[in-house]
Each structure stands twice: as structure tokens, then as C-alpha cells.
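Start from the sequences, fold in the hints, and give me the full structure.
One-letter residues, chain by chain:
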Amino acid sequence: MWAVCEDRVQTSQQRGESGRLSGWLFFLIFGLLAGGIVSAGYFFHQNFEQHFRAGVERQLSAIAELKVEELTQWRKARLGDGELLLQNPAFSALVRRFLGQPADADAQQQLHAWLGKYPAAHEYDRVLLLDAQGAERLAIPTKLEPLAAHLPPDIAVALRSGRVTFLDFHRDAPDRPIHLSILVPILDDAHAGRPLGALLLRIDPETYLYPLIKRWPTPSLTAETLLVRREGNDALFLNELRFRTNTALSVRRSLTQTNLPAVMAASGRQGLVEGVDYRGASVVADVRPVPDSPWFMVTRMDKAEVYGPLRERLWLVLVLIASLLFGAGAGVGLVWRRQSLLFYRKQAQTVALLLESEEKFLRVFEHSNAGMSITKPSGEIEVNQAFCDMLGYSPAELHQQRWQDLSHPADVEETQRVMEKLLAGGRQAARFTKRYLHKNGSVVWADVSSTLRRDAAGQPLYFMTIVLDTTARQKAETALREANEYLDNLFNYANAPIIVWDPQFKITRFNHAFENLTGRTAAEVMGQSLEILFPDTMVESSMAQIRTTLTGDRWETVEIAIQHRDGPVATLLWNSATLFAPDGKTPVATIAQGHNITERKRAMETLRESEAFTKTVLDNLPVGIAVNSVNPAVQFSYMNDNFPKIYRTTRARLSSPDGFWTAVYEEPAFREKLKQRVLEDCASGDAERMYWTDIPLTRAGEKTAFISASNTPLSDKQLMISMVWDVTERKQAEAALQQSARELQEKNAELERFLYTASHDLKSPVVTIRTFIGYLGQDLAANQVERVEKDMAFIRGAADKMARLLEDLLEISRIGRIVSPPVPVTLLALVEEARAAVAGRLTERGVRMQVTGPEVTFYGDRLRLAEIWQNLIENAVKFMGAQSAPTIEIGMQPRDAEQVFFVRDNGIGIDPRFQSKIFDLFEKLDAKAEGTGIGLAVVKRIVEVYGGRIWVESAGLDQGACFYFTLPEALHKPKEGKGK
Amino acid sequence: MKGEPIVILLVEDDEAHTEIVRRNFAECRMANQLLCVPDGQAALDYLYRRNGFSDPATSPRPGIILLDLRLPKVDGLEVLKTIKGDANLGMIPVVILTTSKAESDMVKAYAHHASSYLVKPVDFSQFSQLMETFGFYWLAWNQYPS
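Listed in order, the protein sequences are those of chains A and B.
Residues 1 to 980 (the working numbering) are what the first sequence spells out, left to right.
Residues 1001 to 1146 (the working numbering) are what the second sequence spells out, left to right.
Please keep in mind that the hints were generated in silico from the structure rather than gathered at the bench.
Source: prediction; values computed, not measured.
Hints are supplied without guarantee of correctness; some may be wrong.
Quick list of in silico lysine-lysine cross-link-like pairs, DSS-like style, CA-CA up to 30 Å [stated by the list, open to error]:
hint: 1; chain 1: A; residue 1: Lys917; chain 2: B; residue 2: Lys1084
hint: 2; chain 1: B; residue 1: Lys1084; chain 2: A; residue 2: Lys506
hint: 3; chain 1: B; residue 1: Lys1081; chain 2: A; residue 2: Lys917
hint: 4; chain 1: A; residue 1: Lys703; chain 2: A; residue 2: Lys645
hint: 5; chain 1: B; residue 1: Lys1081; chain 2: A; residue 2: Lys763
hint: 6; chain 1: A; residue 1: Lys214; chain 2: A; residue 2: Lys76
hint: 7; chain 1: A; residue 1: Lys360; chain 2: A; residue 2: Lys434
hint: 8; chain 1: B; residue 1: Lys1108; chain 2: A; residue 2: Lys763
hint: 9; chain 1: A; residue 1: Lys763; chain 2: A; residue 2: Lys878
hint: 10; chain 1: B; residue 1: Lys1101; chain 2: A; residue 2: Lys747
hint: 11; chain 1: A; residue 1: Lys506; chain 2: A; residue 2: Lys585
hint: 12; chain 1: A; residue 1: Lys801; chain 2: B; residue 2: Lys1108
hint: 13; chain 1: B; residue 1: Lys1101; chain 2: A; residue 2: Lys790
hint: 14; chain 1: A; residue 1: Lys421; chain 2: A; residue 2: Lys434
hint: 15; chain 1: A; residue 1: Lys731; chain 2: A; residue 2: Lys645
hint: 16; chain 1: A; residue 1: Lys763; chain 2: B; residue 2: Lys1084
hint: 17; chain 1: A; residue 1: Lys645; chain 2: A; residue 2: Lys615
hint: 18; chain 1: B; residue 1: Lys1101; chain 2: A; residue 2: Lys801
hint: 19; chain 1: A; residue 1: Lys585; chain 2: A; residue 2: Lys601
hint: 20; chain 1: A; residue 1: Lys703; chain 2: A; residue 2: Lys675
hint: 21; chain 1: A; residue 1: Lys434; chain 2: A; residue 2: Lys376
hint: 22; chain 1: B; residue 1: Lys1101; chain 2: A; residue 2: Lys675
hint: 23; chain 1: A; residue 1: Lys763; chain 2: B; residue 2: Lys1101
hint: 24; chain 1: A; residue 1: Lys703; chain 2: A; residue 2: Lys731
hint: 25; chain 1: A; residue 1: Lys376; chain 2: A; residue 2: Lys421
hint: 26; chain 1: B; residue 1: Lys1084; chain 2: B; residue 2: Lys1101
hint: 27; chain 1: A; residue 1: Lys376; chain 2: A; residue 2: Lys439
hint: 28; chain 1: A; residue 1: Lys421; chain 2: B; residue 2: Lys1084
hint: 29; chain 1: B; residue 1: Lys1101; chain 2: A; residue 2: Lys434
hint: 30; chain 1: A; residue 1: Lys376; chain 2: A; residue 2: Lys747
hint: 31; chain 1: A; residue 1: Lys645; chain 2: A; residue 2: Lys675
Given below as C-alpha cells:
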């Protein structure tokens, strides 16, 4: 197996590389050691340098401080010398004496003795006594010297101030030595401080001051102390320098040369500074002012001297580091060498092991359950048994085959690309999914892991490929993915809004229908609280309902409103299910599906409104409406309020089956008849017949009401719409109309009869008159005298009759037109009036008259009312016949809630056959009876005017007669405006 | 003409008119017996031979009846109705002689089988003429069963 041999070479190459790596490791160790040593040395030296520098600085500061202290003391001592003589009364007295009398030898001697001590005891080289004008009066030593020019003004200043004045370094003249002076003003105590003169104590700095400044407490090659004073923009050196002569008061440096320590001091700086001194050498210096003086002190030392020990130390450190580095290098080298020896020994062992593992590899390759192939870059493959089995070939068939021939054509390119990537370097291994073609043509899905092997030179050798058949898994995954997609689509494109939330009520899924419902996108609400979905006022209640789902509540039809982001609120019915973790208690998610019932609710609302409207309309209709069955029983499913009312009953009484009949129709025979008729009519299906008019509702103790009803069958239900309406009023109106029509008819008939009667009865006398006038003419011509008499009698009779008739007609026509206003009058009064009118006849016939019954008061035309009784009494008397005890009874008796008046006699009576005729106009039962037959007609007329009626009752001839009549409209006070 | 002359029954309440009819009959020399009653009740009593009219000698059955319509007690029409409703009396011709020219009276009269309807003329000569013509027609020309 060539591939395996090459693999071995490649492997040892790899090991060689790891050997080189360990060499690098040792170098690294050495590097770390060296770094440690160098940095330790560096830090050590750094530390040392800091300490050393601090030491030098302390030293410089200490020296400077000491010197300044000494200088301050010195100056104080000098001023103290002056103070001793200032305001010394003895001295001033002596001076006054001396100045007053210069010749006073004693005074001169005493002064000499006093002042002579100063040069001897101190560093004063000359003491001068000067008078107030500045003239020299005494000098010790007495050696003559020209008086310094600056003295007179200085003295004046000193005398004015009255204090000891220190005159700083100065030369009296350029060629003169440097001095300092103490000027003491002498005031005459005896004469109120009058200035006497001044004492000048001159100091030669060479004697003490300069040595003091120069002195350095430790041996040093470059260290020195120098004083400077600021003069204008310069720093003036006050003492002689160590490395340059003739410098005092002559060397000055501009303040702009700021790197000079002297300038720094004169500029007021204090402390340790570094700079360049007058020689141009780098120095370290302490600069500070001298208190109570114009002096600045510079204590300086060359850097070279200061850092000299430091450099020596550095060298030492360097040498030490070098030695340590060498030591470390040697040590590491020794260890490396030893390691190398160990490594090669191990490598030899590894090669042996490798050979063994290659054998194992071969066995694994051949017998692995996974398909394995070794693929040359050229495409030829070597495969194992599992690979062959996977694709259904025998090993021989696959020998020398190219992988491209076994792959699915669609995946060749992709595989090629992966291989090229590996060949190009970078990655060594790749894993991907591809399809192979089974020998039988089916597709085999495979999970492919491919590793590129290279030789020692990095050239590609072959691809080691492990192929796992994933067809089954792929199928399962595809099925799963399809199922998921199906569910996803189902979820997303369901018409109903669906939502899923987690136990924290955060939205985790949100389908399209929900997006449409809320106007929010799924992306926008994902992770948000459910609260955003509800109208503000309903958040609490909605969330309370939602919380119940966590405890496992399943909604079936919970109503929760959802608000669109633009405001509109929709009402939905929800059902939900909560998913629990395997423990069955911890909720994982809740899924809820909504059913939008907004439209339905609105429709229901509208329906309710329209029902309410319909009910209002129906209940306010003037007719009764009901929905009911008729057969087998009248059973109502609806009735409006008016339905029972019109039937004069209640809903309750109509509620039981067929309760209608007994509740409405009381009289059993009528009820049964009507029921029969209605059932037949309804059964006929004929709309014309299902219409019943003017049915009476007769109840005991109630006025009879009338109804009309109709039924309209509802299609394909055994129900009818029953409608009923009240026609009582119409019936009453009809009855009233009929009554008045009848009355009118009667009136008409009466009128006709009246006219007829009038014309007939009036015509008769005319016929008589004219005919007998004709006879009269004939009889006269024939001279038949006896007939003339007769003719004339007939003519006269007819004319008389005619006159009476006309009179009566006029009379009766007046009755209907009563003009007298109604007055109250009693029955008794009327009867009395009537009797008075016919008193003669009553007496003549011997008629007894009696009035019975209660008293009645009438309202009406008194004369007309009296006429009734008058006529009736007359009539009674007229037809009394042969009665031996004629009696007329007059009175009133109630009959059927009516007051009926009567006039009864015991005369001849009236044949019942003629009773209806007697009230007619000009009707006389007895043609020979007196009168025209108008009396009873008049009575009837008057009675009718008062709304009454009249009739006669008589058992027959000789049975007497009784006239009855009513006067209803005369019994009540007439209402205003009503007149007849 | 043979046998007894026809008896005429005049039902008339007005004496004057009865006299007129009687005079006319006399003038025309009609031999017929004219019997007069003053009201409807009397007419019926006569025809049914009641109340004083029971003797056939004094109250013979009339061959023709002259009937006024407006009569006391029983109205002329009522009398007519009774006569025509009676099988025996119904055969007697009833001639209405009245002052009424009312249509309704004529209709009613003929409805109850009046044989003729005559209105009393207001003019003297016309009344005589009417009676003469009546005599000729009903008593001379008209034939009656025996």
C-alpha cells in the first residue's frame, strides 16, 4: 500500500519538526533568564542611583543650610556690634564732647580707647567717626585714607532712620579693595536726639567672610559656595571663585541666562537645581536666599564629581550581568543537549509504535463500518468494503474508479470546490454533506469528512475521506423540516390570530393574522409583554385572565379585546393551551387562538336594537299582533302588549294551550261555534276566509266589545301571524248611525205623512166646496130652493173645517220651534195649570182627578209642557163614555231607570187595533167626534221635542186607557248654549 | 144586464163627498143601490156582516166597492188588503176614489189588487163627468159573474 508508506515518511517529518520546536523552547528559556537578569541588574542600578543622588542632594542642602546659617549669624553679629554703640548715652556723650571740643585730648583718648578695640577684636579694618556733615573726625587706625564718596549720603540716610545700616560689598573706588561697612548713627540724647554724627565700622571680607564662604566641610575637587546679589537685570558675583580669579563684584551674568545656578538663585528659586556653571560645566547646585540680606547663595558641585561613584557602580553591575548571562547560557545549553538525547531516543520508539498503528489503521480501514476512501488529487479512489456496500458495488467494480463517477452530478462541482480549497492550503480538513449515486441509481446522502494529507515537503498526497450514509437521517430531517414548514405555514397563514407567549408573558410567536389585527409586525412585538396588545383600560383585567393560563387553565371561550395600534378595538373569543415542562408543572409556553367576534357582536347589537325597535313599534301599534299556532291548540309564541288588551284579557290567561278560547269567549255555545268556524277557515288556507269581522266579546258585567281579526300563515311553519283590532267604536258609531238613520227615516216618513195628510185633508174641503158651488149654481138655475140650503151648509162646513185644519197645522208647526227659555217647573204645577184650562169640562162631566207619585221638577217651556197634560186630560174627558164615576189619575212611576209619566182614565178605552194610529195627525177614531184630531199629535210632538216617547195602553173598549210618556231632556238643567 | 142591479158600497168618511157621489148617481139615473159607510171599520163590519150589518136584506153583498184611502179607525189600504186577502170578498172589484194623487198610494193600492184608482177632481163638472163615466164603465159595460 503505497499510500501508507508515504504516510509514514510524512509522519517522521512531522516529528522532526517537533524536535526543532523543542530547541526553540530552550532558546526561549534562555531568553527569559537573560531578560530576568538584565532587568534585575537595571532595576538594582536604578535604585542605587536614586539613593545616591538623594544622598548627594541631602549633602548639598545640608552644606548650603549650614553656610546660610553661618552667614546669617555673622551678619547679626556685625549689626549687633553697631547696636552696642547706637543709643549708648555714654558713647554719644563722649562723641558730643569730642566733636564739641576736638582738642579735648581726654575725650579723644577715651574714644580711641573705646573704638580701638574693634579692629583688634573683630574683622573691622578701620573705624571712622564722622560728624553730621560727613567729615571724618576720627579714624582708627589713623592711617590717612581718602574719604569714600558714598559716605555722606549714606550717613544722611542713617541719621534720618536712626538705625544701624549695613553697607554691602562695595569698592570705594575701582582700584580699591572690597569692603563691607556698618554705619551707626550717633544721636545726642541730651539734646532730643540731635544727630551728632556717625560711626563707620569697615569690614575687610578677606579676613573672615570670604574664607567662611569658601570653606567646604568635605574634601571635594569641584564643590564650591558662592554668593550673588541681584543688580538690575544681572546677577553679580560677590566672592572670589574657585576656578577663576578676580571675580568678586566684577563678574555678572544676565538674568536671561537661566541655566546658570547663580541666575536661578538671583531669580528667587530655592532648592536643588541642575545647570551649567560659569565654566560651562554641568553642575548640581543648591540655591537659596540668605535671610535678612540681599544675598543669594549657590552651593554647587560638578556633576562629574557627584556621579563619578555612580559610573563606577554601573560598570560593576554590567560585569555582574554579563557573568550571570554567561552562566545561564551554559546551563540552558546543557539541559537542551540532554533533552535532545532523550527526544531522539523517544522518536525511535515512536516509529516502532507508528508501524504498529499503521497496521491497525489498515485493519480499521478495511473493516470499518463507516465508508472510507482514499482519494488522489487526480480523482482515483481506493475504498473500503463499507463504502462498496453503501453504494452497492463490489470492490472490484470500484477499483480504479474516479469519485466523480460515483457522486451525484449536482454535487460534483461543490465537492470539487471543497477539494480545491483543501489543496490550496489553509485548512486541512473539511466536513460537508453530499450525494452519491447508488449502483441502482438511487441517491445516497452522506456526511463526508475529508482530510488532506501532505508529504514532508507539503505536497498533497491524498484525501482521507470518511463517508457516513445519512440517507435515512436526511429523509427524516426532510420530513421533519417539511412538517415544521407545514406547521409554520399553518401558524403563520391561519386566518385566526394565533399567539404564543412564555411564562413571563413575553410574546414569542405572532402570526400574520395577528399582525393584521394589531397593525404590528411580529418582529416588533417579539419579546414584548402581552400588555401592549390591550386597550389601556383593560390591561389589568386581560392580564388577570391570562395569568390563569399559567396554572393550567384552558380557555374555551374567553373574551378579551385587542387594540389595533391605530386605536380600534376588536373583541375576540380565545381558546388557549399551556405547554408544560416534562415535570408537568413548570409552564413553558402558552398558545392562544382568537376568533374575531367584533362583527358578530356589532351584528348582535344591531339585531338587539332592531328587536327593541320592532318591539316598541309592535307594542305601540293600535292593533294586537301575535305569532301562534291554531291547530291542534292555540298556543302563542309571541304577542305584543296590545294583543291581550284588545281581547280584554291578560298574557297570563292566554299562555296555556287553548286558554285563548275560554279567556276570550265566555258564552260556551258561541265559543264552540266560533272556534269551529275559525278552525275550518284556517284549515281552508284561503286568505279571504281567515278574516273575521265584528266578533262580539260578550262578558257578564261588561259592555260588549267588538273585534275584527285576521290570520296570516307563516310559510312552512305551523304558525300564524294573528292580528286583532278593536272595532267597538266603529260598531258603536255604526249603531249610532243606524239609529240616527232610522230616526231620520222616521222623521221623513212622518213628514211625508204629515204632508200627505195635510194635502189630503186640505184637498177634501176644497173638493167639497167647489163641487157644491157647482150644485149651488145648478140648484139656483133650477130654482130648487130646498137644495140650495143644503148646498150652502156643505160649503160652510167644508170652509169651517178647512179653517180649523189650517189653524191646527200652524199650531203644530210651532211646537218644533220652542223659543221660550227653559224654566224650572214642578209636575204638580203643570197639572194644576192643565186642570185650570179644562176645569169647565171636568166639572161638567163630574170627573175626579188625582195626582200620585213623587214630585218632579222640569226645565222647559212651561206652556208647552202644560199642554201635554191639558191635551191628555181633554182627551180622557172626551172619551169618558158612559162612565158613572169618571176618574183621571196623573203621576210618575220609575220604570227601567226611566221616569215614566202617565195619565190614566177609566173611560171607553181604545181598541188595540187602533192604538198605533191615534197619535197621527188629524186622526180621529170617531169621525163624528169633535176636533180635527190634532190633540194627541200635538202631545206626541211636544214629547218628542223633549227627547221622549209616548204610547197608550188599554185593555180594550170600556177598559179605560193609560197614556205613558217620558220627557228625559226636560228633567235636567239644560247646559249653556243649548237651546231648542 | 140581467137580474138585480149591482149594489155599490161607498166607503167615505166625508159626508159632503158622500152627498156628491149620491147626487151624481141620482143625476145619471142609475138604479143601482148605493150603500155608504163612514170608516174602514164600518166597511169591514158590513162586508163581514157584523155589528148591525148582519141582515142580508138591508146589507146586501156589494157588486163593487168605492173606497176612500184616508179613513178613520181602519185605513183604506188596510180595508183593501183585508178584502183582497179574503177568497170570497176578494172577487169584488174595489175602485179607489180618493183625493190623494200620491204615487205611493197608487202603488200600494194596485199592489193590493185595487181594480181601479180614481182621484176626486177639484172641478165640479169634472167630478160629474168622472162619476158618469164610472157609471157607464163599471155599471153598464163591465160584466160580473153571477
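Here is how each hint holds up against the structure:
no., hint, result
1, A:Lys917 <-> B:Lys1084, "holds (22 Å)"
2, B:Lys1084 <-> A:Lys506, "violated (118 Å)"
3, B:Lys1081 <-> A:Lys917, "holds (17 Å)"
4, A:Lys703 <-> A:Lys645, "holds (15 Å)"
5, B:Lys1081 <-> A:Lys763, "holds (25 Å)"
6, A:Lys214 <-> A:Lys76, "holds (20 Å)"
7, A:Lys360 <-> A:Lys434, "holds (28 Å)"
8, B:Lys1108 <-> A:Lys763, "holds (20 Å)"
9, A:Lys763 <-> A:Lys878, "holds (27 Å)"
10, B:Lys1101 <-> A:Lys747, "holds (22 Å)"
11, A:Lys506 <-> A:Lys585, "holds (19 Å)"
12, A:Lys801 <-> B:Lys1108, "holds (28 Å)"
13, B:Lys1101 <-> A:Lys790, "holds (29 Å)"
14, A:Lys421 <-> A:Lys434, "holds (16 Å)"
15, A:Lys731 <-> A:Lys645, "holds (18 Å)"
16, A:Lys763 <-> B:Lys1084, "holds (28 Å)"
17, A:Lys645 <-> A:Lys615, "holds (16 Å)"
18, B:Lys1101 <-> A:Lys801, "holds (21 Å)"
19, A:Lys585 <-> A:Lys601, "violated (37 Å)"
20, A:Lys703 <-> A:Lys675, "holds (22 Å)"
21, A:Lys434 <-> A:Lys376, "holds (18 Å)"
22, B:Lys1101 <-> A:Lys675, "violated (56 Å)"
23, A:Lys763 <-> B:Lys1101, "holds (11 Å)"
24, A:Lys703 <-> A:Lys731, "holds (12 Å)"
25, A:Lys376 <-> A:Lys421, "holds (15 Å)"
26, B:Lys1084 <-> B:Lys1101, "holds (22 Å)"
27, A:Lys376 <-> A:Lys439, "holds (22 Å)"
28, A:Lys421 <-> B:Lys1084, "violated (149 Å)"
29, B:Lys1101 <-> A:Lys434, "violated (138 Å)"
30, A:Lys376 <-> A:Lys747, "violated (143 Å)"
31, A:Lys645 <-> A:Lys675, "holds (20 Å)"
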